[in-house]
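For the sequence shown, position 19 (counting from the first letter as 1) is numbered 19 according to the numbering used here, and the numbering increases by one without interruption.
Note that these hints are calculated values from the structure, not bench results.
Every value quoted in this text rests on a predicted model; they were computed, and no experiment measured them.
Each residue gets a CB set at the ideal place from its N, CA and C atoms; glycine is no exception.
Be aware that a few hints might be false.
[To be verified] Listed next, with one range per pair, are the computed distances between beta-carbon atoms: (1) Glu12 to Trp36: 38 to 44 Å; (2) Ile6 to Thr28: 32 to 38 Å; (3) Glu12 to Leu37: 20 to 26 Å; (4) Glu12 to Asp35: 20 to 26 Å; (5) Arg3 to Asp30: 42 to 48 Å; (6) Asp35 to Ile13: 32 to 38 Å.
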Amino acid sequence: MRRRRIEPVLAEISEALDGIARATRGKTLDDFRDDWLLRHGVERGIEPTFPK
Numbered sequence: 001m002r003r004r005r006i007e008p009v010l011a012e013i014s015e016a017l018d019g020i021a022r023a024t025r026g027k028t029l030d031d032f033r034d035d036w037l038l039r040h041g042v043e044r045g046i047e048p049t050f051p052k
């Protein structure tokens with residue numbers, strides 16, 4: 001198995017968290033529960049990435 005460099009992985013995680021923070025800013029938990037697209041985006045944003 002080829003080893004992955006950790007820096008690009010951490011950069012992807014940081015970018016995903018920044019995007020999630022922007023998308024959820026000002027939203028309540030009820031807003032989140034009621035918005036399928038927001039929930040879906042957050043879920044996809046925190047999924048692990050696989051080697052390219």
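Status of each hint after checking the structure:
1. The hint said 38 to 44 Å for the Cβ distance between Glu12 and Trp36, and at roughly 24 Å that hint is violated.
2. Between Ile6 and Thr28 the CB atoms are about 35 Å apart, so this pair conforms to the stated range of 32 to 38 Å.
3. Here the CB-CB span from Glu12 to Leu37 is close to 21 Å, well matched to the stated 20 to 26 Å.
4. The hinted window of 20 to 26 Å between Glu12 and Asp35 holds, with their beta carbons roughly 24 Å apart.
5. At roughly 44 Å, the beta carbons of Arg3 and Asp30 sit within the given window of 42 to 48 Å.
6. Between Asp35 and Ile13 the beta carbon distance is about 23 Å. The supplied range of 32 to 38 Å is therefore violated.
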